[in-house]
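Number of protein chains: 2
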Amino acid sequence: MTAFSNTTVKRLRSLRDKKARKEEGLFLAEGLRIIAEARDSGRLPEIIMFSPEGARHPLASEIIAATEAAGGDAVQTTPDILSKTSGKDNPQMLVAAYKQPATDLSSIDRTRAPLWFVAQALRDPGNIGTILRTGDAVGAGGLILVDDSADPYSVEAARASMGAIFTQQVAKAPWSDFLAWLRSGEGQLVGTSLNTDQDYLSVTYLPPTFLLIGNEQQGLPQSYEEACDVLVKIPMAGRADSLNAAIAAAVMAFQVTASWRAS
Amino acid sequence: MTAFSNTTVKRLRSLRDKKARKEEGLFLAEGLRIIAEARDSGRLPEIIMFSPEGARHPLASEIIAATEAAGGDAVQTTPDILSKTSGKDNPQMLVAAYKQPATDLSSIDRTRAPLWFVAQALRDPGNIGTILRTGDAVGAGGLILVDDSADPYSVEAARASMGAIFTQQVAKAPWSDFLAWLRSGEGQLVGTSLNTDQDYLSVTYLPPTFLLIGNEQQGLPQSYEEACDVLVKIPMAGRADSLNAAIAAAVMAFQVTASWRAS
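For the protein sequence lines, the chains are A and B, in the order given. Using the numbering used here, read the first sequence as starting at 1 and increasing by one per residue. Using the numbering used here, read the second sequence as starting at 1 and increasing by one per residue.
It should be emphasised that the hints constitute simulated quantities derived from the structure, not laboratory data. Take these hints with a grain of salt, some might be off.
Chain copies aren't distinguished; within one or between two, either way the pair holds.
Claimed, not checked - With a straight-line cut-off of 30 Å between C-alpha atoms, the simulated BS3-like cross-links for lysine-lysine are: (1) LYS84 to LYS18; (2) LYS19 to LYS84; (3) LYS84 to LYS233; (4) LYS233 to LYS19; (5) LYS99 to LYS84; (6) LYS99 to LYS19.
All chains should be built: construct the whole structure from the sequences, respecting the hints.
Structure, rendered in structure tokens:
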């Protein structure tokens with residue numbers, strides 16, 4: 001076991017910054033629950049940092065040993081330093097850095113799942129993580145981030161994903177590349193919009209279904225709506241005419257899979 | 001129009017703190033969109049603070065004038081001070097303080113809406129705001145916060161509600177008080193749980209339906225589940241067995257209202 005290492009601490013802490021994540025090709029995950037989820041999905045960290053208390057949990061010590069056996073770094077440190085690394089008042093006893101997987105479209109095998117999320121220019125990393133978590137629950141394959149988005153490998157996104165960052169595939173692409181890729185195979189592109197009267201409950205969804213979610217502020221650009229095979233509306237009863245992006249994604253996803261279960 | 005007032009700035013800024021909100025009975029809302037939503041719901045602020053740029057928008061200047069006419073304070077300040085008040089890098093041009101409405105159960109008229117949210121010990125103010133926003137979209141009456149919860153009048157909750165803090169009713173109560181109140185009239189209490197095989201799609205929901213949402217970490221305590229008229233399960237396809245609390249609330253709410261539209 002590596003002794004306390006200032007360099008490692010600094011390196012982990014730097015991963016809170018997007019530029020460092022890009023340069024290192026790593027991202028942070030925190031807490032035993034998520035790190036165990038990663039291991040169950042066949043992923044071990046490159047670096048794991050833990051407090052003496054953190055290492056006492058049998059599952060944690062198993063993962064620490066497996067990380068070292070696989071050539072990774074395992075570093076014991078203090079709760080105080082863990083707290084500074086995770087940026088939380090209530091520190092996790094484990095913080096780990098993982099390799100970022102490839103995020104090009106060619107890494108996506110659309111036959112792997114009947115449902116995929118496609119999100120355009122999402123700004124809020126919490127929404128990205130929440131969509132990944134929903135995707136895991138609903139049996140989706142992953143999330144394709146179109147245009148300039150928040151970083152799915154940020155600490156906030158990984159945290160909100162509750163481990164789904166390890167089970168859902170993530171790809172990034174400009175819209176035109178995504179559209180060319182989509183049309184190179186089968187797939188129904190479904191957009192939610194206010195510019196249609198078609199109720200989301202009355203549509204036959206055909207797998208693989210790609211659910212297109214608009215940006216938090218503006219919704220989908222018109223040309224993106226025009227590229228959809230189906231536009232649907234989630235009827236709104238209230239004064240406002242919008243849902244949170246992750247909420248809209250979930251309402252659509254559960255309706256799509258419910259319609260498949262019912263048929 | 002009141003001149004620049006240091007006292008007012010300090011007073012508004014203090015409302016970022018829960019203790020001050022409680023003492024003053026006020027809460028903060030930011031940005032023209034939400035402040036206009038409040039006005040459309042018949043609510044004017046006690047205090048409104050704006051930059052010269054913020055006051056130039058016709059709708060903003062109308063609300064500023066209406067606030068003064070109603071005896072409120074209107075204070076022009078700098079974008080820098082607005083930024084410090086709102087705690088955001090990208091400052092809103094308007095920040096306003098509103099009276100907190102009463103949050104006792106007796107203020108809730110259950111016949112006003114067919115659907116209500118009940119949430120137990122929610123920790124994340126963003127989840128509270130998102131549930132309010134969803135409630136507005138789905139035609140719910142409001143949110144009853146059971147046990148010790150995050151503050152629905154925090155800046156984060158008000159922001160995530162996107163104005164629904166002004167259109168949805170909010171009540172707070174200990175569980176036993178809520179249960180007594182619920183049983184004093186009609187209402188179906190529906191809990192989501194892993195401890196049932198009853199699919200959420202196969203249940204007949206009877207208005208007024210009260211959707212009970214568990215805490216982010218533990219879900220519902222067993223005795224709370226036992227008090228429900230119906231327990232339902234949202235089937236999960238993935239590795240994880242849970243949804244974000246606000247997502248679960250939305251999936252349930254849209255299914256309940258969809259079942260009513262279909263019948």
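How the hints compare with the structure:
Taking CA atoms no more than 30 Å apart as the test, LYS84 paired with LYS18 passes in both settings, with 17 Å inside one copy and 25 Å between copies. For a Cα distance limit of 30 Å, the shortest separation of LYS19 from LYS84 qualifies both inside one copy, at 19 Å, and across copies, at 27 Å. When the C-alpha separation of LYS84 and LYS233 is checked against a cutoff of 30 Å, the pair qualifies neither within a copy, at 44 Å, nor between copies, at 39 Å. Taking CA atoms no more than 30 Å apart as the test, LYS233 paired with LYS19 passes in neither setting, with 38 Å inside one copy and 42 Å between copies.
When the C-alpha separation of LYS99 and LYS84 is checked against a cutoff of 30 Å, the pair qualifies only within one copy, where the shortest distance is 21 Å, while the shortest distance between copies is 37 Å. Taking the shortest alpha-carbon separations for LYS99 and LYS19, only the intra-copy value of 15 Å comes in at or below 30 Å, while the best inter-copy value is 43 Å.
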